[in-house]
Amino acid sequence: MVSPVPKVEIDHVSMKYLTLEGETEALQDICLSIAEGEFVSIVGPSGCGKSTLLSLISGLLKPTRGRILIDGVPLQGITHKLGYMLQQDYLFEWRTIYNNVILGLEIQGKDKRSIRRQVDDLLQRYGLWDFRHHYPHQLSGGMRQRVALIRTLAINPDILLLDEPFAALDYQTRLYLEDEVATILKGEGKTVILVTHDISEAVAMSDRVIVLSRRPGRVKADIKIMFAAGRLMPFATRKAPEFRHYFNRIWEELDIHVEGTPASKTKQLPGQGCPNPGTCPVPEENPPA
Amino acid sequence: MAADLRLIDPFITSQPSVIWQTFQRLLKDGTLLSHTGITVLETTASFLIGTILGTLIAILLWWSDFLSQVLDPYLVILNSTPKTALGPLFIVFLGDGMKAIITMALTISVIVTVVMVYTGFKGVDPNKIKLVRTFGASRLQVLQKVVLPASVPTMIAALKVNVGMAFVGVIVGEFLVARAGLGYLIIYGQQVFQLHLAMTSVVILIITAALLYRLVSCLESRFLRWKE
Chain L
1 MVSPVPKVEI DHVSMKYLTL EGETEALQDI CLSIAEGEFV SIVGPSGCGK
51 STLLSLISGL LKPTRGRILI DGVPLQGITH KLGYMLQQDY LFEWRTIYNN
101 VILGLEIQGK DKRSIRRQVD DLLQRYGLWD FRHHYPHQLS GGMRQRVALI
151 RTLAINPDIL LLDEPFAALD YQTRLYLEDE VATILKGEGK TVILVTHDIS
201 EAVAMSDRVI VLSRRPGRVK ADIKIMFAAG RLMPFATRKA PEFRHYFNRI
251 WEELDIHVEG TPASKTKQLP GQGCPNPGTC PVPEENPPA
Chain P
1 MAADLRLIDP FITSQPSVIW QTFQRLLKDG TLLSHTGITV LETTASFLIG
51 TILGTLIAIL LWWSDFLSQV LDPYLVILNS TPKTALGPLF IVFLGDGMKA
101 IITMALTISV IVTVVMVYTG FKGVDPNKIK LVRTFGASRL QVLQKVVLPA
151 SVPTMIAALK VNVGMAFVGV IVGEFLVARA GLGYLIIYGQ QVFQLHLAMT
201 SVVILIITAA LLYRLVSCLE SRFLRWKE
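So the sequences go chain by chain: L and P.
Note that the working numbering has the first sequence beginning at 1, numbered continuously upward.
Note that the working numbering has the second sequence beginning at 1, numbered continuously upward.
It is possible that some hints are incorrect.
In silico DSS-like cross-links for lysine-lysine, where the CA-CA straight-line distance does not exceed 27 Å [what the hints assert, rightly or not]:
(1) L:Lys-112 / P:Lys-128
(2) P:Lys-122 / P:Lys-28
(3) P:Lys-160 / L:Lys-110
(4) L:Lys-81 / P:Lys-130
(5) L:Lys-112 / L:Lys-62
(6) P:Lys-130 / L:Lys-112
(7) L:Lys-224 / L:Lys-239
(8) L:Lys-110 / P:Lys-128
(9) L:Lys-62 / P:Lys-128
(10) P:Lys-99 / L:Lys-62
(11) L:Lys-186 / L:Lys-224
(12) L:Lys-16 / P:Lys-128
(13) L:Lys-239 / L:Lys-81
(14) L:Lys-62 / P:Lys-122
(15) P:Lys-28 / L:Lys-16
A few chain P positions that, by computed beta-carbon distances, are all more than 12 Å from chain L [said to hold, decoys possible]:
(16) Ala-45
(17) Leu-60
(18) Val-92
(19) Ile-129
(20) Val-132
(21) Gly-136
(22) Val-146
(23) Ala-157
(24) Leu-215
(25) Leu-224
The set of hints was computed from the structure by calculation and includes no laboratory data.
All of these numbers come straight from a predicted model, not from anything done at the bench.
Backbone N, C-alpha and C fix where the C-beta goes; we use that ideal spot for every residue, glycine too.
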């Protein structure tokens, strides 16, 4: 599963925010490596720096310490290899669906005829062709999020960063889109990093789930998701016998307390990040019980 | 009617029938069109220049954090200063012609525009900016693709406010110096105690203002087609 050069490598990354009140440590010594074509979810209690981690990988933010490598090359600023999908669709309401989809291409100066054909193809394949001249307010939430996904795919990134892309949708639409997005991304052979607070979503969609600890966020567990029946569609996964096992396992790792309850320090082993520089931990094999 | 029955004094208040007569008389001898024309010209000039200049300044402020921090207190002060108080100064600086009147109206509309449009720029959803930044957009592209188009509604709103502001400026300017324009007609009518004349001018002024506002509304529906 782990190829010689990982697609994304996060090497001892720490992130501190400076505010007027002082220093906040958002992430502490994160080490991860993600192989090409892998679908990895990151879960963690709210405020643990999940989204910060995505911003770091996307190059929007610079880590305070450590480095991030894409295809073995240190990341410097924004790279065209990455596509970032935010919590809400953020479609531009003054642009038609078609013009929204080509936004990224326009900015990157790739607005060429050959690429337009590719965009047409994407729109047709994912059932938005008939709506290409509509404005965003005329579309349902699920459709809008699909447009946002195609907008991200249009720039043809190798790696997709999804920041709770389904959080703003109702439950049914969410289940439906999870299946659809998983199909699309698997079909396109993309490497995906999904941030979510929804454990079942993480288990249903990913090959691997990373659990982050409370702030400062550290890698607390790295769980491989494997099903006896092989790789399933997210919806089918929810019915698989192993699903509950993974769900419970992650739930325990998350160690969520009601606000105000003292955190159980004993469960958090010291130095859980990675002991030796340069050797990030390989995800533990975890056959279902 | 009330005036005909002597319930109120038409010498002070004038009356619709006489206003209508005055209107026809002024229309016939051509004074009406020329005076209205001058006022409309001055107003249109100052509210167009005011909006464009104001938007440009707002872009500058958005572009440079340093500039906006330095200029912010001045903007606040200028915004709360009654600009009409500067009228007499402009007349001294620029003479008693159209230049002083337009400058007067301009100062009134430009400050409001800067404040409104700049606030609009600042109110653009930061996540939309983040989105285009993930595509690798430069600052100029952020301005072009997000900030400006997202602020079109604000700019149209500023335009609407400016129609009113420019009118205030122009009329005050005409009160002070002009020898032409509706403001001049009003003050002239008052000075020679021809209230019919003054009232007629006021009515025309209201109609003109309504028409200009209507024009901006047309513009609005053209630019904001995506809304409905």
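How the hints compare with the structure:
1. L:Lys-112 / P:Lys-128: Judged against 27 Å, a Cα distance of about 24 Å means the pair holds.
2. P:Lys-122 / P:Lys-28: Measuring from Cα to Cα gives roughly 52 Å; hence the hint is violated.
3. P:Lys-160 / L:Lys-110: violated, 38 Å
4. L:Lys-81 / P:Lys-130: holds, 17 Å
5. L:Lys-112 / L:Lys-62: violated, 32 Å
6. P:Lys-130 / L:Lys-112: holds, 24 Å
7. L:Lys-224 / L:Lys-239: Within the cut-off at roughly 18 Å; holds.
8. L:Lys-110 / P:Lys-128: holds, 20 Å
9. L:Lys-62 / P:Lys-128: holds, 20 Å
10. P:Lys-99 / L:Lys-62: Measuring from Cα to Cα gives roughly 53 Å; hence the hint is violated.
11. L:Lys-186 / L:Lys-224: holds, 17 Å
12. L:Lys-16 / P:Lys-128: holds, 24 Å
13. L:Lys-239 / L:Lys-81: Given pair Lys-239 of chain L, Lys-81 of chain L is violated - Cα atoms ~35 Å apart, limit 27 Å.
14. L:Lys-62 / P:Lys-122: Given that 27 Å is the threshold and the Cα spacing comes to 24 Å, the pair holds.
15. P:Lys-28 / L:Lys-16: violated, 78 Å
16. Ala-45: holds, 29 Å
17. Leu-60: It holds; Leu-60 of chain P is separated from chain L by about 23 Å at its closest Cβ, greater than 12 Å.
18. Val-92: holds, 46 Å
19. Ile-129: With a cut-off of 12 Å, Ile-129 of chain P comes too close to chain L, as the shortest Cβ separation is near 10 Å.
20. Val-132: Violated, since 6 Å does not exceed 12 Å.
21. Gly-136: Gly-136 of chain P is in fact no farther than 12 Å from some Cβ atom of chain L, at 4 Å.
22. Val-146: violated, 7 Å
23. Ala-157: At about 15 Å from chain L, Ala-157 of chain P clears the 12 Å cut-off, so the statement holds.
24. Leu-215: Nearest chain L Cβ is 22 Å from Leu-215 of chain P, so the label holds.
25. Leu-224: violated, 8 Å
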